[in-house]
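Chains as they are written, first to last, in my numbering: chain X, 1 to 224; chain B, 1001 to 1128; chain D, 2001 to 2387.
Keep in mind that the hints were calculated from the coordinates and are not lab data. Hints are not guaranteed to be accurate.
Output of the computed footprint for chain B on chain D, the stretches with three or more beta carbons under 8 Å from beta carbons of chain B [as the list claims (entries may be wrong)]:
{"no.": "1", "region": "2098-2111"}
{"no.": "2", "region": "2173-2186"}
Only part of the chain D face toward chain B is listed, based on derived beta-carbon distances under 10 Å [unchecked claim]:
{"no.": "3", "residue": "I2027"}
{"no.": "4", "residue": "Q2077"}
{"no.": "5", "residue": "L2314"}
Pairs of lysine-lysine, DSSO-like flavour, derived with a Cα cap of 27 Å [as the list claims (entries may be wrong)]:
{"no.": "6", "chain 1": "D", "residue 1": "K2133", "chain 2": "B", "residue 2": "K1080"}
{"no.": "7", "chain 1": "D", "residue 1": "K2133", "chain 2": "D", "residue 2": "K2177"}
{"no.": "8", "chain 1": "D", "residue 1": "K2062", "chain 2": "D", "residue 2": "K2280"}
{"no.": "9", "chain 1": "D", "residue 1": "K2127", "chain 2": "D", "residue 2": "K2223"}
{"no.": "10", "chain 1": "B", "residue 1": "K1080", "chain 2": "B", "residue 2": "K1125"}
{"no.": "11", "chain 1": "D", "residue 1": "K2127", "chain 2": "D", "residue 2": "K2240"}
{"no.": "12", "chain 1": "X", "residue 1": "K83", "chain 2": "X", "residue 2": "K120"}
{"no.": "13", "chain 1": "B", "residue 1": "K1080", "chain 2": "D", "residue 2": "K2177"}
{"no.": "14", "chain 1": "D", "residue 1": "K2089", "chain 2": "D", "residue 2": "K2225"}
{"no.": "15", "chain 1": "X", "residue 1": "K83", "chain 2": "D", "residue 2": "K2377"}
{"no.": "16", "chain 1": "D", "residue 1": "K2089", "chain 2": "D", "residue 2": "K2280"}
{"no.": "17", "chain 1": "D", "residue 1": "K2089", "chain 2": "D", "residue 2": "K2062"}
{"no.": "18", "chain 1": "B", "residue 1": "K1080", "chain 2": "D", "residue 2": "K2225"}
{"no.": "19", "chain 1": "D", "residue 1": "K2156", "chain 2": "D", "residue 2": "K2133"}
{"no.": "20", "chain 1": "X", "residue 1": "K138", "chain 2": "X", "residue 2": "K120"}
{"no.": "21", "chain 1": "B", "residue 1": "K1119", "chain 2": "B", "residue 2": "K1080"}
{"no.": "22", "chain 1": "X", "residue 1": "K83", "chain 2": "X", "residue 2": "K121"}
{"no.": "23", "chain 1": "D", "residue 1": "K2280", "chain 2": "X", "residue 2": "K88"}
{"no.": "24", "chain 1": "X", "residue 1": "K88", "chain 2": "X", "residue 2": "K121"}
{"no.": "25", "chain 1": "X", "residue 1": "K83", "chain 2": "D", "residue 2": "K2280"}
{"no.": "26", "chain 1": "D", "residue 1": "K2133", "chain 2": "X", "residue 2": "K88"}
Where is the CB? At the ideal position from N, CA and C, for every residue including glycine.
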Amino acid sequence: MSDTLIRTENLTKTYGRGGATTHALRGVDLSISRGSFSAIVGPSGHGKSTLMHLLGALDRPTSGAVHLDGTDLSRLDSAGLAKFRGRKIGFVFQFFNLLRSLSAAENIETAMMLSGIAPKKQAERARELLALVGLSEKADARPGELSGGQQQRVAIARALANDPDILMMDEPTGNLDSAAEEEILNILFELNQQGKTVIVVTHNLDIARRAQSIIRVQDGQIRA
Amino acid sequence: MKKYALIGLVLAVGIAAGVMFSGPGEATALHVNQVAADPGAFSGTITVTGITAAFSPQDPALFGVMDIKELQCTTPNCNKVLIPVRVTGPVPALGDEVRISGSFVNSPMGYVLTAEAVKVVRNHKLGS
Amino acid sequence: MTLTSLVIRNITSRRGRFVFTLLGISIGIASFVTFLSLGGSLKSEIQRESAALGANLVVTPKGSCAYEQVAILTGEQLPNTITGEEVAKIRAIDGMMAIPFLSERSAIDNRPVAVMGILPAETMEFKHWEILKGDYLADGDETGVIVGAVAAEQFKLQPGSEVTIRGERLPVRGVIKETGGKDDVTLFLPLPLAQRLYNAEDKASYVAVRVADIENLELYAQKIKEVVSLGVITDKQMLKSVLSIVGTVNVTLQLIAAVAILAAAFGIINTMMTATYERKREIGILQALGARRRTIFSIFLLESGLYGIFGGALGVLGGLVFSVLAAPQISSNHFTAFVKGSASSGLISPGLVFGSIAFSTVVAIVAGLYPAWRAAKLSPVEAISYE
């Protein structure tokens, strides 16, 4: 049991009313082990992102439950979910991850501010994290001055800010060229080696192949 | 951005302070009702503003001004105080609002404002 | 990184929008400040002057217009046509105390001052002055002058100084403690002295009457009218007619200020709504990072508040500069007559400054409530999915 970090029970998400309902997810049961590197794959529009949103406490299911690190997410109110997200999960989206009016370092510091870390400690840790992803010299650069790959690296650094157990990525390399993509993947695998549980939503089968476990989503359901 | 904002702020404060401490200056002139009671208390050149309300039948260079506020008084009982003004140039027309720069000179008929310059600001139609 | 620094960065990184919204609020507050410093407090000032008069009834020359009644309260030059005989008749009526005043003008250092001829002992009873320095006018003192606190300060007068009125040098006996009204800028002389100096022998400008029995005010007014053919008005009537003259311009200013502030408030709402819309993605990111609804709400509300503070400060500055420049231009009006003291210093008070900035902040925050609520209402998914 302690090996399973995330577990879902009959997870269902439905959009719309009356005639125009979309069944994004239909009764998904899955479990993800601590320290694993999972890839959620499947054709576009079939529910991958929806699944990640539910796993990441960004959204609530229509029915069913998500248990994350022993906590039933449906028991938490929106403030509770927010807190959970801030502490336990680090997100990286496909693009527009960073706050545009802030520098790279400030973006990372903001993540820490939201979990109540003092400004002084924020600066120190932000520098550490930027060094980790190899962008120390870009600390004061605005997102507009960074390349796509650099932005994603800053996003990863920010995702690590509060030392979360889980890293959730939604097509983190979708917008990047192969060199940048390789860089990012190396970082992700490195982090996984260090014990972080990594979940990547992707339609790129190359990434999927390198993952430990693959979760195939099709028509809102898990396919073996 | 911050630099410009700071400069702008300092400028604005500077202008405000300058205006404040130098006083309204030019713009404030004395009004007829403020000087009429005791013209002898004023020395040197002063600026008085008023409405041309009367002309001397004997002396073509003499006219009387009343306070601008008297324009608002329409009852016949209003005691319009006039101060006599002597000019060297042409006299203004009836109802002209004037800014007179001059000094009070004592004469047998009382204090007369001897004008160095008379500027007509606008004309008011004197009713009643 | 703190919440405040986040908000400040948000505001300043969008310069154009920041400047225009700020200008909107500044103009609104500037009009508000102009209105206040030029005429906003007018009504209370008039009421205060009326109370300082200490009278329930005022006897004026017959047929005097409301304009002249204003002059009673502002201390301006008044005609002096009430005769000593009439005054005596009024004073003979039982149950009321009537004192005459002669309202005149002079100047010190080419600056006009109000001069009042009074009956010292009785006026003191009416007005309850306190002596700050020196002595009050003693009965039988025929040459002394007492001065109001502000006039004393302006012209550096103290007991023993001399003032020249109508060519005569008179000794200053004492200085009256500040009353906050026009008495502060007035020189007071014994009535006979004033009458002599101004060639108004046995004359008065108006008579202030205090009755023993307020319930029967009309009765006393009637009695006065029976013995003299003069105008009698109650202090309430005077207040009303004065306010009617002065009040209309005031209302125009109020309206302008109110409209300007309303426009500014809508400007803020607009800016913040646009911000909410444009920054949906950023809101989503923040939520993904762990920001609660409350935090998002605070960020947006704080932004509105900062617009209020900066715009307020700028507006106060602009308003003060404008009113200092504009005040002399409208001096042909009754306003500046009520602004006591020297032209510029009376206009700026710390209270006005802080009060206006606070007001601006409140308006901005109220305007920002709805947009902030809308921003906070977004669910993370809604916000994230927006591109």
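Next on the checklist: Min Cβ distance, I2027(D) to chain B: is it shorter than 10 Å?
Outcome noted: violated (14 Å)
Next on the checklist: Using the nearest Cβ pair, does L2314(D) come within less than 10 Å of chain B?
Outcome noted: holds (8 Å)
Item to check | K88(X) paired with K121(X) [C-alpha distance capped at 27 Å] | outcome: Distance of about 19 Å is within 27 Å: holds.
Checklist entry - Do the alpha carbons of K2133(D) and K1080(B) lie within 27 Å of each other, as the hint requires? => result violated (38 Å)
Item to check | Given pair status - K2377(D), K83(X), alpha carbons within 27 Å | outcome: holds (17 Å)
Item to check | Hint consistency between K2133(D) and K2177(D) [alpha-carbon to alpha-carbon, up to 27 Å] | outcome: Since the Cα atoms of K2133(D) and K2177(D) sit roughly 8 Å apart, the hinted pair holds (cutoff 27 Å).
Next on the checklist: Need the status of pair K1119(B), K1080(B): alpha-carbon distance at most 27 Å?
Outcome noted: Status holds; Cα separation ~22 Å.
Item to check | chain B over the region 2173-2186 of chain D, status - at least 3 residues with CB closer than 8 Å | outcome: With 0 residues closer than 8 Å to chain B, the region 2173-2186 of chain D misses the three-residue bar; violated.
Checklist entry - Does K2223(D) lie within 27 Å of K2127(D) when you go C-alpha to C-alpha? => result holds (24 Å)
Next on the checklist: Let's test the interface hint: is any C-beta of chain B closer than 10 Å to that of Q2077(D)?
Outcome noted: holds (4 Å)
Checklist entry - Quick one, are K2280(D) and K88(X) close enough, alpha carbons at most 27 Å? => result Distance of about 23 Å is within 27 Å: holds.
Item to check | Pair hint outcome, K83(X) versus K120(X) [Cα-Cα no greater than 27 Å] | outcome: Given that 27 Å is the threshold and the Cα spacing comes to 21 Å, the pair holds.
Figure legend: structure checked against the earlier numbered hints; hints not met, in rising order: 2, 3, 6, 8, 13, 16 and 26.
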